[in-house]
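Engineer: Residues per chain are reported as follows:
Protein chains: 2
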Amino acid sequence: MQLSDLISDIGRRARVASRSLSNLSTDTKNAVLRAMADELLVREPAILEANARDVAGASDHGLAPAAVDRLRLTPARLRAMAEGIRHVADLPDPVNEVLDEWTRPNGIRISKVRKPIGVIGIIYESRPNVTSDAAVLCIKTGNAVILRGGSESIHSNLALAEAMQVGGSRAGLPEDSIQLIPVTDRDAVRMMAQMDDCIDVLVPRGGKSLIEAVVSNARMPVIKHYDGVCHIYVDAAADLEMAASILINAKCQRPGVCNSAECVVVHRDAAEAFFKIAAPQLAVHGVELRADEDSFSQLKTLNYPLLAQASEEDYRTEYLALILSVRIVPDLAAAVDHIERYGSHHSDAIVTRDAVAAERFLNEVDSATVYWNASTRFTDGAEFGFGAEIGISTDKLHARGPMALPELTTYRYFIRGEGQIRE
Amino acid sequence: MQLSDLISDIGRRARVASRSLSNLSTDTKNAVLRAMADELLVREPAILEANARDVAGASDHGLAPAAVDRLRLTPARLRAMAEGIRHVADLPDPVNEVLDEWTRPNGIRISKVRKPIGVIGIIYESRPNVTSDAAVLCIKTGNAVILRGGSESIHSNLALAEAMQVGGSRAGLPEDSIQLIPVTDRDAVRMMAQMDDCIDVLVPRGGKSLIEAVVSNARMPVIKHYDGVCHIYVDAAADLEMAASILINAKCQRPGVCNSAECVVVHRDAAEAFFKIAAPQLAVHGVELRADEDSFSQLKTLNYPLLAQASEEDYRTEYLALILSVRIVPDLAAAVDHIERYGSHHSDAIVTRDAVAAERFLNEVDSATVYWNASTRFTDGAEFGFGAEIGISTDKLHARGPMALPELTTYRYFIRGEGQIRE
Numbered sequence: 198m199q200l201s202d203l204i205s206d207i208g209r210r211a212r213v214a215s216r217s218l219s220n221l222s223t224d225t226k227n228a229v230l231r232a233m234a235d236e237l238l239v240r241e242p243a244i245l246e247a248n249a250r251d252v253a254g255a256s257d258h259g260l261a262p263a264a265v266d267r268l269r270l271t272p273a274r275l276r277a278m279a280e281g282i283r284h285v286a287d288l289p290d291p292v293n294e295v296l297d298e299w300t301r302p303n304g305i306r307i308s309k310v311r312k313p314i315g316v317i318g319i320i321y322e323s324r325p326n327v328t329s330d331a332a333v334l335c336i337k338t339g340n341a342v343i344l345r346g347g348s349e350s351i352h353s354n355l356a357l358a359e360a361m362q363v364g365g366s367r368a369g370l371p372e373d374s375i376q377l378i379p380v381t382d383r384d385a386v387r388m389m390a391q392m393d394d395c396i397d398v399l400v401p402r403g404g405k406s407l408i409e410a411v412v413s414n415a416r417m418p419v420i421k422h423y424d425g426v427c428h429i430y431v432d433a434a435a436d437l438e439m440a441a442s443i444l445i446n447a448k449c450q451r452p453g454v455c456n457s458a459e460c461v462v463v464h465r466d467a468a469e470a471f472f473k474i475a476a477p478q479l480a481v482h483g484v485e486l487r488a489d490e491d492s493f494s495q496l497k498t499l500n501y502p503l504l505a506q507a508s509e510e511d512y513r514t515e516y517l518a519l520i521l522s523v524r525i526v527p528d529l530a531a532a533v534d535h536i537e538r539y540g541s542h543h544s545d546a547i548v549t550r551d552a553v554a555a556e557r558f559l560n561e562v563d564s565a566t567v568y569w570n571a572s573t574r575f576t577d578g579a580e581f582g583f584g585a586e587i588g589i590s591t592d593k594l595h596a597r598g599p600m601a602l603p604e605l606t607t608y609r610y611f612i613r614g615e616g617q618i619r620e
Numbered sequence: 198m199q200l201s202d203l204i205s206d207i208g209r210r211a212r213v214a215s216r217s218l219s220n221l222s223t224d225t226k227n228a229v230l231r232a233m234a235d236e237l238l239v240r241e242p243a244i245l246e247a248n249a250r251d252v253a254g255a256s257d258h259g260l261a262p263a264a265v266d267r268l269r270l271t272p273a274r275l276r277a278m279a280e281g282i283r284h285v286a287d288l289p290d291p292v293n294e295v296l297d298e299w300t301r302p303n304g305i306r307i308s309k310v311r312k313p314i315g316v317i318g319i320i321y322e323s324r325p326n327v328t329s330d331a332a333v334l335c336i337k338t339g340n341a342v343i344l345r346g347g348s349e350s351i352h353s354n355l356a357l358a359e360a361m362q363v364g365g366s367r368a369g370l371p372e373d374s375i376q377l378i379p380v381t382d383r384d385a386v387r388m389m390a391q392m393d394d395c396i397d398v399l400v401p402r403g404g405k406s407l408i409e410a411v412v413s414n415a416r417m418p419v420i421k422h423y424d425g426v427c428h429i430y431v432d433a434a435a436d437l438e439m440a441a442s443i444l445i446n447a448k449c450q451r452p453g454v455c456n457s458a459e460c461v462v463v464h465r466d467a468a469e470a471f472f473k474i475a476a477p478q479l480a481v482h483g484v485e486l487r488a489d490e491d492s493f494s495q496l497k498t499l500n501y502p503l504l505a506q507a508s509e510e511d512y513r514t515e516y517l518a519l520i521l522s523v524r525i526v527p528d529l530a531a532a533v534d535h536i537e538r539y540g541s542h543h544s545d546a547i548v549t550r551d552a553v554a555a556e557r558f559l560n561e562v563d564s565a566t567v568y569w570n571a572s573t574r575f576t577d578g579a580e581f582g583f584g585a586e587i588g589i590s591t592d593k594l595h596a597r598g599p600m601a602l603p604e605l606t607t608y609r610y611f612i613r614g615e616g617q618i619r620e
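Protein chains in written order, with this note's numbering: chain A, 198 to 620; chain B, 198 to 620.
Be careful, since some hints might not be right.
Intra- or inter-copy, both count: the list cannot distinguish identical chains.
[As the list claims (entries may be wrong)] Here are the simulated lysine-lysine pairs, DSS-like style, with alpha carbons at most 30 Å apart:
1) Lys405 - Lys309
2) Lys421 - Lys405
3) Lys473 - Lys497
4) Lys309 - Lys421
5) Lys497 - Lys421
Keep in mind that the hints were calculated from the coordinates and are not lab data.
Modelling step: build the complete structure from the supplied sequences, incorporating the hints.
Structural biologist: See the structure below:
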C-alpha cells in the first residue's frame, strides 16, 4: 500500500470511529479507560521488549543519555502511566455539559451543548508516555485520535497504542478509535496536514521545525505548542527578596521546560539593589547571564562569574538551559515593550508591591498567562487544578495556555421548537 | 512600493494599533463607534459618488442586475449602516468579562479574563456593507482590523473605511485601527495569509474559491464560512402539516442564503402522505425537485410539474435557488447517515412528534445547529438574540454557528500571588 493510501485509510477509519465514540456514555468511556490501563500492565513484558529495541536504537544513534532516559520505560513508569489513565477516568466528563440555554420570544429554545470535536491528530516526538497521555484525553472527551510519534520511540508507541486499543475494545471502545501512524517520516505529517475531511484539528507537540512543518501544510486548525520565552519583570516597587526567589525558581527549578524564565527585565531604580541580592543566588545555581550594557557593567562590578554581553538574538532565545538574559529598562512601559517585542506570549511575571503597576502589566502584556508576584512555573494543567493537560497552547484561538479536557471539545446548538418558521 | 511591502506595512501598523486599542475603555470604544456613524453620514455625498463609480463599473462588466443592486448604496442604505453601528455601540462589551476565577491551595488566584484577539483580517466579496459591519464588530471588541474587499466595490470600500477611521480618530480611535487593502487581486490575499506575525485570525466571507485560496495558504487560524447544505428530515412520526410548513419556509423564504434547506429526507412510512401535502405547496413556489428513485415515482404519480432525477452530485450541492433534492430513507439511522455523508454540518432539522427520535437526531447529527420542529432559517445572529453577527462559522474550533462579539475575543489567565514559587 502506498503511504498516501495508508494515511487516507487511517483518516477514514478514524472518522467512522468518531461517530460511534461521540455517543458513548460517560460510564462506558470510563470503563474503556480502566480497561486500557489494565491492558498496559498485562502487556508489560511485550511493551518493555518493544521499548528495549527503541532504547538500543537510540544509543546506537548516539542520542544523548538524558534523551535516552526520557525514552526508557520501566515497570514503575508503566505503572505510573496506568495510574495516570485511571486518574483521567475519575475526572468529570465535559461532554454534554450545557454551556448556555435560553428561549427566544418566538418560543424556540436554544441550548449550547459541549460535544466531542471528532478526530484529533497528535504529532509528537520522543517520549512514549505522550502516546498514552494524548490517547486517553481524546477518548475521555469522545474523540478518535490519530497519533504520529517520533522514530526514536516507534516500537514503544506501536506496542502502547495496540494495548490501549485492544484493552479498550473489550469495554466497548469502537474499532479504530486509537490509531498510530506506523511511518515516521515527515511525508506522513504533510499528508495528515492535508486531510481536513478526516482530521478536525492537529496538535503538534515538539520542536520548532516539526511545528513549522505542520503549520505550513495544514488545511485544518492547528493548536500550537511553541516556545516559552518567559520574562520576570522586577519593578521599581518590587520586594527584592521575593523577586530573587521567584527568579531563581522560574529559571533554575527546571530549566528545560517551556514555563521557565529566559529573561529578567529590571527597572533601573531597582537594578543595583536587586543584583546585589539575586546575583549570588544565580551564581550558586551556575546560571550564565547575558546582559545588556547597563546590567553588564553592574554585574561586572559585582564580579559575576559567568557573564557575557547579550545580543539581539539572545532576547528571542528559549535557552532551556541555565542561561538568562538580562535587561535594564527605564520604566514599566519599556518593560512591556520589551516583552511584547521579544517574548513568545507564553508566561510573563511582574514582581511589585505597586498594585497599579501590577494591573497595568497584567492588562498590557498579551501572554496566555500573566503573573503578579508568582513564578511562571505555575503555567501547567496540574498547577492550575485541571487534573490533566494535553499541553500549553501558545495560540489565541480556541485554547490558550494550559489545555485540558474542555479544550478537546467543541459545542453544538440544539434548537427545540413547536413548528416555528421564520417570518 | 511593492505589493508585498505594502501588505507587510499594513500588517505592522495594525499590530501597533491593536496594542492601544486593546486597552480602550468601553465608553471610549462606544464613543468611537458613534463618531464613525456620524462621519458616514457627513460624508454621504463622497461615499455615494465613490459607490456610483463601482456601480457604473459593475454594469459595464455585465454584472447581473441583482448583484449590481446589492452593490448600490443609497442615502437610506447609508442611514441603515449608521444605525447598525449605533446599535453595536449599545451592545454590552464582552472585553474584560471574568469567565472563571478560582484560588489554588497554595494561595495563587487564577482569573480567566476575556480579551481582544489582536488583529483580525476579514476577506470578503461584493457588498460594501460588510466593510462597516466587520470593522465595527472588530472595534467594539478592541481588535484592529485589516479589510480586503472585492474589486467590484473597491471605491465604496475605500470611502467607507476612510470615513470610519477619520470619524473614529476624533473620538480616540488609534491610528491604523481600520485599514483597507487598496489592492484587490488574489496575491494580496495570499500575502495576508502568510503574515501570522501580524494577523491573528482570518475570516473569509465569500465563495468557495475565495475561502479555498485562504485555507490553502494561511499560516494563522481561519474561521471559515462555508456552504450550507441543510436538510429537513421528515420522520415517520412527523406532524406532516408542520413538516410541510417548515420545509416551505426553509426552502422558499429566502433561497439564496446559507441556512436555507437544499434537501428533504423523508421516512419511507411518511413519504406518500407527506408528498400529498407538501408537493402542491412546493409547486406553487415553483420549486424544482431532484428526486431519488423512490420519491421520483411517487412524485410522478402526483404529476409534480418540475421533476428530475437526483444525481449523487445533487446531494452535495448548495443550490441557493428554488431547487430541492429529495431522498426517501428506511429509518432514522439512514437519515443521519445521509446528512453526515452529504451535508455541510451547518443546519439540519428533524420534524417529529417522537421525542426519543428527536433527541437521537440532535445528538447524532454533527452540525453547528440542529433543530427539532423548527426551520433551519433561524441559524442567524439576530434570530439567536446575539444583537450582531460577523457570520456563520462552519468550523468546529473557537467559533461554531452564528459568530457574535464574544467570538471575536480570546482570553488570558491572570495569576495573582504573594511570592509563591513552585516546589
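Engineer: Compare the structure with each hint and give your call.
Structural biologist: Structure-based check of all given hints:
1. Lys405 - Lys309: between (36 Å within a copy, 28 Å between copies)
2. Lys421 - Lys405: both (10 Å within a copy, 26 Å between copies)
3. Lys473 - Lys497: within (12 Å within a copy, 93 Å between copies)
4. Lys309 - Lys421: both (26 Å within a copy, 20 Å between copies)
5. Lys497 - Lys421: neither (40 Å within a copy, 55 Å between copies)
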